[in-house]
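Asker: Spelled out, the chains give:
Number of protein chains: 2
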Amino acid sequence: MVKDIYPSRVSETPKMMERQDPVIHNREAAKDGPLTNNQLDFYEKNGYIMLEKFFDGEDLKMLKEELDQKMKENEDRNGPDVIKEPNSNEVRSIFEIHKDEGFFERLSRDERLVKIIEQILGSEVYINQSRINFKPGFKGKEFYWHSDFETWHVEDGMPRMRALSCSIVLTDNYEYNGPLMLVPGSQDYYVSTAGETPDKNYESSLQKQEVGVPDEKSMEWLVEQAGGQIDRATGPAGSVLLFDCNTMHGSAGNISPYPRSNVFFVYNSIHNKLEQPFNGKAPRPEFLANRENIKPITPVSGLKQTEKN
Amino acid sequence: MVKDIYPSRVSETPKMMERQDPVIHNREAAKDGPLTNNQLDFYEKNGYIMLEKFFDGEDLKMLKEELDQKMKENEDRNGPDVIKEPNSNEVRSIFEIHKDEGFFERLSRDERLVKIIEQILGSEVYINQSRINFKPGFKGKEFYWHSDFETWHVEDGMPRMRALSCSIVLTDNYEYNGPLMLVPGSQDYYVSTAGETPDKNYESSLQKQEVGVPDEKSMEWLVEQAGGQIDRATGPAGSVLLFDCNTMHGSAGNISPYPRSNVFFVYNSIHNKLEQPFNGKAPRPEFLANRENIKPITPVSGLKQTEKN
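Protein chains in written order, with the UniProt record's numbering: chain A, 1 to 309; chain B, 1 to 309.
FYI, nobody ran anything at the bench for these hints, they're computed from the structure.
Note that the structure is a prediction, hence the values are computed from the model and not measured.
Heads up, some of the hints might be wrong.
One copy or any two copies: either way a pair holds, since identical chains are not told apart in the list.
[Stated by the list, open to error] Distance condition first, Cα-Cα at most 20 Å in a straight line; then the derived SDA-like pairs of lysine to any residue:
#1 K115 / T234
#2 K200 / R232
#3 K84 / E18
#4 K139 / Q207
#5 K208 / W221
#6 K53 / K72
#7 K141 / Q209
#8 K139 / W221
#9 K53 / K273
#10 K141 / Q207
#11 K217 / F138
#12 K295 / A194
#13 K295 / S205
#14 K217 / V82
#15 K217 / E90
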């Protein structure tokens, strides 16, 4: 049996451990770009980076239109990969959009993005999970602190910390509409949480996570090592936030009139494919954690489909 | 019967009305201070002002100690004026602290504060409601948008908009620990809300307001007239936030490790005493809305009790 170097949900008491993997996988090889040395420094130190207005002009327009279109298409569809508002057809999230053989597949392969992800993860990459999110104004719910890696490791069998999330922000994110909050430097520590995973945990954990949640003492310590600072991913529509799989993040609710929507891709190193979940349970469904036909992404140039490609 | 110039909860549909009262009650008489002309302009335009580090040094230290002391004293006391965490003795709010014949009464009469309040409200003033609040980190709850005046008018019979809230902030308020949010300029409009007040509404409305809540369309309009801006009352401990009784405000939850605590005084003009509630129901209890023995405040100098006073 594989030794579990990131055990979690195995004990009655939480435990803080050091990260065993680099944040920039091969810093030497990464020096040729696309991210500059300063940008890499920032990401390595803090566990995230905001690339302001990464998409702009025609690209941004197309992104918004395609997101609206995708939402509409799914209003009358029911499936585990479509999350709707209780008692209504309003779509909140659609998973697996990178397999649509259309715009979002192309977007996930966009070479401007992929080259950066490959630079950070130090290898070819593939998409482990994808979704679009629409969070309405006035009633956006809070999402408590968590490390994505903790869940991906325990429930999906992701062996090492060699993955990241890419959030393409399609609405302006302000201080007052519940932006994502991140604890700088938290990616360097692993909070082994207390408790055990219930069966089919994902059926409720997408709404509200109950296990795999860090304890208050660990959170206090993590924020303290960050000098008491918690950062917010604010910025104009079209910005791209990249954050390490183990960066502690969460968000407050949104009572402002302004909705938030984004496209979300989880990129994983091709050398870090999922194994059996470390909790010994059945793996989560494919739409949450890809295992089938895993192949490295071939980057494409430009969001617009042309005859050539 | 008195004509109700600010009707609310009387119809099935909400309605936006203009304010009938000045924000600075007598701008001409106010020009001699203590607030400067620029500060008055800011307050009149936006409906609030943050006075950074109003209390500092020894004053701030005393304030924090007295708050802690008051919390401890009330741990084992039960009463409608003490709000505790469900299933625990942890105190969240204590009302009527300005009647303690001790530190908090003195604080409510502090001449540095009272002179400013009198300047804004254009008359002598009294305390209509007071409390101290302690909101813990990690689990601070959101409070949805509301105008205090709407409730004070409908449920307490406050005739006109000639009152303000004074919040003495005793913890540092950051963007990320659920600071009070305010809609600049919203004090100039009155949102007459839909619905009717249930009996003893205050028993649940202190936790979560269900009636008197502005509709989403009105909120969108108010934020739009503010240029899309929502302000946050951030600042160091010891700062004082003054905001008009009709300024629309709310707060998101607080998942950060940092608690928030403050002292809260509602000052009302002596010419604006409570009448019968405009909803025709029984008035709320004295600890929420003072009616008995109303006398103008006599200001005192300094927070420390001396032999002289």
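Asker: So, for every hint listed, does it hold in this structure?
Answerer: Each hint, compared with the structure:
no.: 1; hint: K115 / T234; verdict: neither (24 Å within a copy, 39 Å between copies)
no.: 2; hint: K200 / R232; verdict: neither (32 Å within a copy, 40 Å between copies)
no.: 3; hint: K84 / E18; verdict: neither (38 Å within a copy, 39 Å between copies)
no.: 4; hint: K139 / Q207; verdict: both (14 Å within a copy, 17 Å between copies)
no.: 5; hint: K208 / W221; verdict: neither (23 Å within a copy, 32 Å between copies)
no.: 6; hint: K53 / K72; verdict: neither (26 Å within a copy, 51 Å between copies)
no.: 7; hint: K141 / Q209; verdict: both (12 Å within a copy, 17 Å between copies)
no.: 8; hint: K139 / W221; verdict: between (31 Å within a copy, 17 Å between copies)
no.: 9; hint: K53 / K273; verdict: neither (31 Å within a copy, 54 Å between copies)
no.: 10; hint: K141 / Q207; verdict: both (9 Å within a copy, 17 Å between copies)
no.: 11; hint: K217 / F138; verdict: between (31 Å within a copy, 11 Å between copies)
no.: 12; hint: K295 / A194; verdict: neither (35 Å within a copy, 57 Å between copies)
no.: 13; hint: K295 / S205; verdict: neither (28 Å within a copy, 55 Å between copies)
no.: 14; hint: K217 / V82; verdict: neither (36 Å within a copy, 28 Å between copies)
no.: 15; hint: K217 / E90; verdict: between (38 Å within a copy, 19 Å between copies)
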